[in-house]
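Engineer: Chain residues, written in single-letter form:
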Amino acid sequence: MGLVESGKVPKGITSLLNMSRKYSLWVYQWGLACCAIEMGAAFGSPRYDVMRLGVIPLPASPRQTDLVVVSGTVTDKMAPAVKRLYEQMPEPKYVISMGSCANCGGPYWDSYSVTKGVDQIIPVDVYVPGCPPRPEALLEGIVLLQERIQNEDMAARWKGEAIVVD
Amino acid sequence: MSSTDTPTEETDAEETDATATDTGREAMLEQLTGELGDSLVGSHLEPGIDLTVRVAADAWADTAAFLKTGMGFAYFNFVSAIDWLPSPFGRDMDSQVDISLEGSEPKETEEMTWGLAGGETRFQVFARVNDIVNHRAVTIKADVPEDSLTVPSWVGVYAGANWHEREAWEMFGISFEGHPGLRHIYLPGEFEGNPMRKDFPLLARRVKPWPGIVDVEAMPGDDDEADADGEDAS
Amino acid sequence: MTDISDRQQLNYIAAQAADARLNLELETEGMTLNIGPQHPATHGTLRIVAKLDGEQVIAADPVMGYMHRGYEKLTEVRTYPQVTTLINRIDWLGSFANEVPFILAAEQLMEVEAPPRAQWIRTILFEMSRIANVVLFLGDMAVQVGAVTPVFFAFRDREHILNQIEAATGGRFHPNFDRIGGLKDDLPAGWVAETKQVMKKMRGFCDEIETLVMGNEIFQTRTRGIGVIPADIGLQYGLSGANIRGSGVDWDVRRDNPNGLVYDQVDWKVWTHPDGDSFSRFWVRLQEVREATKIVDQLLDTIPAGPIMAKVPRIIKVPAGEAYVETENPLGVMGYYVISKGDLVPYRVKIRSASFNNMSITPWLLKGVYVPDIVTILGSLYFILGDIDR
Numbered sequence: 001m002g003l004v005e006s007g008k009v010p011k012g013i014t015s016l017l018n019m020s021r022k023y024s025l026w027v028y029q030w031g032l033a034c035c036a037i038e039m040g041a042a043f044g045s046p047r048y049d050v051m052r053l054g055v056i057p058l059p060a061s062p063r064q065t066d067l068v069v070v071s072g073t074v075t076d077k078m079a080p081a082v083k084r085l086y087e088q089m090p091e092p093k094y095v096i097s098m099g100s101c102a103n104c105g106g107p108y109w110d111s112y113s114v115t116k117g118v119d120q121i122i123p124v125d126v127y128v129p130g131c132p133p134r135p136e137a138l139l140e141g142i143v144l145l146q147e148r149i150q151n152e153d154m155a156a157r158w159k160g161e162a163i164v165v166d
Numbered sequence: 001m002s003s004t005d006t007p008t009e010e011t012d013a014e015e016t017d018a019t020a021t022d023t024g025r026e027a028m029l030e031q032l033t034g035e036l037g038d039s040l041v042g043s044h045l046e047p048g049i050d051l052t053v054r055v056a057a058d059a060w061a062d063t064a065a066f067l068k069t070g071m072g073f074a075y076f077n078f079v080s081a082i083d084w085l086p087s088p089f090g091r092d093m094d095s096q097v098d099i100s101l102e103g104s105e106p107k108e109t110e111e112m113t114w115g116l117a118g119g120e121t122r123f124q125v126f127a128r129v130n131d132i133v134n135h136r137a138v139t140i141k142a143d144v145p146e147d148s149l150t151v152p153s154w155v156g157v158y159a160g161a162n163w164h165e166r167e168a169w170e171m172f173g174i175s176f177e178g179h180p181g182l183r184h185i186y187l188p189g190e191f192e193g194n195p196m197r198k199d200f201p202l203l204a205r206r207v208k209p210w211p212g213i214v215d216v217e218a219m220p221g222d223d224d225e226a227d228a229d230g231e232d233a234s
Numbered sequence: 001m002t003d004i005s006d007r008q009q010l011n012y013i014a015a016q017a018a019d020a021r022l023n024l025e026l027e028t029e030g031m032t033l034n035i036g037p038q039h040p041a042t043h044g045t046l047r048i049v050a051k052l053d054g055e056q057v058i059a060a061d062p063v064m065g066y067m068h069r070g071y072e073k074l075t076e077v078r079t080y081p082q083v084t085t086l087i088n089r090i091d092w093l094g095s096f097a098n099e100v101p102f103i104l105a106a107e108q109l110m111e112v113e114a115p116p117r118a119q120w121i122r123t124i125l126f127e128m129s130r131i132a133n134v135v136l137f138l139g140d141m142a143v144q145v146g147a148v149t150p151v152f153f154a155f156r157d158r159e160h161i162l163n164q165i166e167a168a169t170g171g172r173f174h175p176n177f178d179r180i181g182g183l184k185d186d187l188p189a190g191w192v193a194e195t196k197q198v199m200k201k202m203r204g205f206c207d208e209i210e211t212l213v214m215g216n217e218i219f220q221t222r223t224r225g226i227g228v229i230p231a232d233i234g235l236q237y238g239l240s241g242a243n244i245r246g247s248g249v250d251w252d253v254r255r256d257n258p259n260g261l262v263y264d265q266v267d268w269k270v271w272t273h274p275d276g277d278s279f280s281r282f283w284v285r286l287q288e289v290r291e292a293t294k295i296v297d298q299l300l301d302t303i304p305a306g307p308i309m310a311k312v313p314r315i316i317k318v319p320a321g322e323a324y325v326e327t328e329n330p331l332g333v334m335g336y337y338v339i340s341k342g343d344l345v346p347y348r349v350k351i352r353s354a355s356f357n358n359m360s361i362t363p364w365l366l367k368g369v370y371v372p373d374i375v376t377i378l379g380s381l382y383f384i385l386g387d388i389d390r
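Protein chains in written order, with the working numbering: chain A, 1 to 166; chain B, 1 to 234; chain C, 1 to 390.
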């Protein structure tokens, strides 16, 4: 623990740690709307199996996950719940925003009850566009996230300022 | 709807020629007129398609009771409301680009006009009930009195009206007398305003006006034929 | 295993006791359990606030609106083709079915009729979206009672249907394929033969589900006698679809008022079940999927040749008037009441969604029920949150 934070870990071990982290992501399915069905197809259907990437879609509790995929429209009524669930996740945590509703409000950009994008509430790592994005697009988003994790500097993440969301 | 489907809604397992007369719906209208008398202030019968009646606001619940017990309309479809005020924001979707391309002017009528079976007030409640044994249905409308914005509730007649009336209260601001508990059903508790009213603006369109037809890039092969709208992707 | 009539009697006694308690002391007794809005067992973002006395529910209050996107307001600022794109997303599992009643209402106002080929293909896609929707229900109902595996079968077999819909329309779901006056495009070559193969596979899936899930003793114990809806109460609340047919009411809008879809050209049957409990609703839906595959087979054999689109102007201005069309969607009866003032955009669209009425019976239905049965009942009513919240 102390080694990682102080940044004195040799590069080989850092990349080994990153590789092990990226291939063992546990995903919390924050399935809100139509994108949840495509996410379910990506996770549950044998055709677009996501487990081959090492991502396991099992947990039903946010306290055991590293990755949350926000799929579907976020409404103003739902927004506090999203924030609370994000705060319950342990560090290091990642967010994929799936679908145009979660990216920017989508087809409901002018509605009175829709939050225009989940990045107004929580920080997002990867945006997957589409309405709904094909399961392969979600898999590409996960692969991009894995690349990002591989190149991540763990010390900077631990030492730097915490991500403050207000 | 169209002339190809022969069984229309009022048939009792018999063939009917619903050409110009619609005997089933006319009989329904007669029965309603006979029972309601003066309370039935307007009606519209579209032969072969539908029947709409308009009743006075204080007869709103009595009409429902008569329909359910006296005429056999046991199936409750929906209750909602209409706001006939012409929107002060125009169509809210015209940009200069669309107007110049298609030449359409935004409609800015000052007068209120009403739909089928007429109307006199800004708000109307309307409902639909079905008789699924004889395959009939009727749409009922009522003017909501301007001063009190209250109509009697249907909950005593059709239990399912509970949630529909909550929604109409939340979206339009119309109260229903006799409803067990009017409270928010869709919107968070602190929401101010009644969203479905025509003078409730969609703020996102106020802040950023509709950009109109935007061509991001020309299709391969017709670079010069790209639309002369001049708008680029912003 | 308790007999159905014993179970019903027990439920009745429990409901009476719960009522009595509620009348005596309103809020001080028992515990308030908050189920949702994020919960693995609810079909989306639904929140139920249940007041419990031990294991029994005294009062249950669903709190909705977590997916309320304001459809009725949004349709007032979009042109008719744009509205078609938007309303696909109301019932997001069987999405072609959402477009159809709206397009039919607009066609009724414009006094335009789609050519026969378009009507045929509309009906075929309508039934296919029903199959896609209900297949997921069949798998999901098993998950609600604890069997996790059938849902993977459901997703796998749903992919076959989505393949076909994608081949014809370009979108797996949310096809945006219907247009006022017809359809956007004709069918690709070879689609008819492939779809027939897919229908055979779906019938195989139904047989699998019947042996795996419906015949399972645990499933039967958990669903028989649970959540009984008497027919007259169901009519008062406006239930529709398999929920009302599972209570013995013989009403199907496809047969009684086909409106523009060609069900009168096909030989098919309406399924009902007299019991009114969760098992009967599941049973009715399974039979309906089988029936839908047969309907599609018959329609595929008789598609007429001809144009796909009637003559409509490029920029559609629907004449002033009001029209209401309802169709038998996968979830129930869905209707659109379109008020037009002769403009490019509708003046008011009232969306009568099936799940809103189906859900409105839950406060009445969940009284006196045990906590594990809440999930079974909600699963058997089968709502989609987008359909409730619009």
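One or more of the hints may lead you astray.
[To be verified] List of simulated lysine-lysine pairs, DSSO-like, C-alpha gap at most 27 Å:
#1 C:Lys196 / B:Lys198
#2 C:Lys311 / C:Lys184
#3 C:Lys311 / C:Lys201
#4 B:Lys198 / A:Lys116
#5 C:Lys311 / C:Lys200
#6 C:Lys367 / C:Lys51
#7 C:Lys200 / C:Lys317
#8 C:Lys184 / C:Lys196
#9 A:Lys116 / B:Lys208
#10 B:Lys208 / C:Lys311
#11 C:Lys184 / C:Lys367
#12 A:Lys83 / A:Lys93
#13 A:Lys93 / A:Lys116
#14 B:Lys68 / C:Lys367
#15 C:Lys184 / C:Lys51
#16 B:Lys198 / C:Lys200
#17 C:Lys311 / C:Lys341
#18 C:Lys269 / C:Lys294
These are calculated hints, taken from the structure and not from any lab test.
Engineer: Next step is simple, just say for each hint if it's right about the structure.
Structural biologist: Consistency of the hints with the structure:
For a cut-off of 27 Å, the pair hint linking Lys196 (chain C) to Lys198 (chain B) is broken: about 49 Å separates their Cα positions. Proposed proximity of Lys311 (chain C) and Lys184 (chain C) is supported: the alpha carbons are some 13 Å apart, at most 27 Å. For the suggested pair Lys311 (chain C) and Lys201 (chain C), the alpha carbons sit about 38 Å apart, so the restraint of at most 27 Å is broken. With a CA separation close to 22 Å, the supplied pair Lys198 (chain B) and Lys116 (chain A) stays within the 27 Å bound.
Note on Lys311 (chain C) and Lys200 (chain C): the hinted pairing is violated, with a Cα-Cα distance of about 36 Å set against a maximum of 27 Å. Between Lys367 (chain C) and Lys51 (chain C) the CA atoms are separated by roughly 10 Å; this keeps the pair inside 27 Å, and the hint holds. In summary, the hint linking Lys200 (chain C) to Lys317 (chain C) is not supported, as the alpha carbons are separated by about 43 Å, beyond the 27 Å threshold. Taken as a hint, the Lys184 (chain C) and Lys196 (chain C) pair is honoured in the structure, with Cα atoms around 22 Å apart against an allowance of 27 Å.
In summary, the hint linking Lys116 (chain A) to Lys208 (chain B) is supported, as the alpha carbons are separated by about 13 Å, within the 27 Å threshold. With a C-alpha separation of about 36 Å, the suggested pair Lys208 (chain B) and Lys311 (chain C) falls outside the 27 Å cut-off, and the hint is violated. Distance hint between Lys184 (chain C) and Lys367 (chain C) is unfulfilled; the C-alpha atoms sit about 48 Å from each other, more than 27 Å. As the CA atoms of Lys83 (chain A) and Lys93 (chain A) are separated by approximately 13 Å, the hinted pair is consistent with the 27 Å bound.
Restraint check: the Cα-Cα separation between Lys93 (chain A) and Lys116 (chain A) comes to about 22 Å, which is no more than 27 Å; the hinted pair holds. At roughly 26 Å between alpha-carbon atoms, Lys68 (chain B) and Lys367 (chain C) fall within 27 Å of each other, so this suggested pair holds. A hinted pair counts as satisfied when its Cα atoms are at most 27 Å apart, and Lys184 (chain C) with Lys51 (chain C) does not qualify at roughly 51 Å. For the proposed pair Lys198 (chain B) and Lys200 (chain C), the alpha carbon gap of about 51 Å is over 27 Å, so the pair is violated.
Annotation: proposed proximity of Lys311 (chain C) to Lys341 (chain C) holds, straight-line Cα distance about 22 Å (limit 27 Å). The straight-line distance between the Cα atoms of Lys269 (chain C) and Lys294 (chain C) is roughly 10 Å, inside the 27 Å bound, and the hint therefore holds.
Against the hints set out earlier in the document, violations occur for numbers 1, 3, 5, 7, 10, 11, 15, 16.
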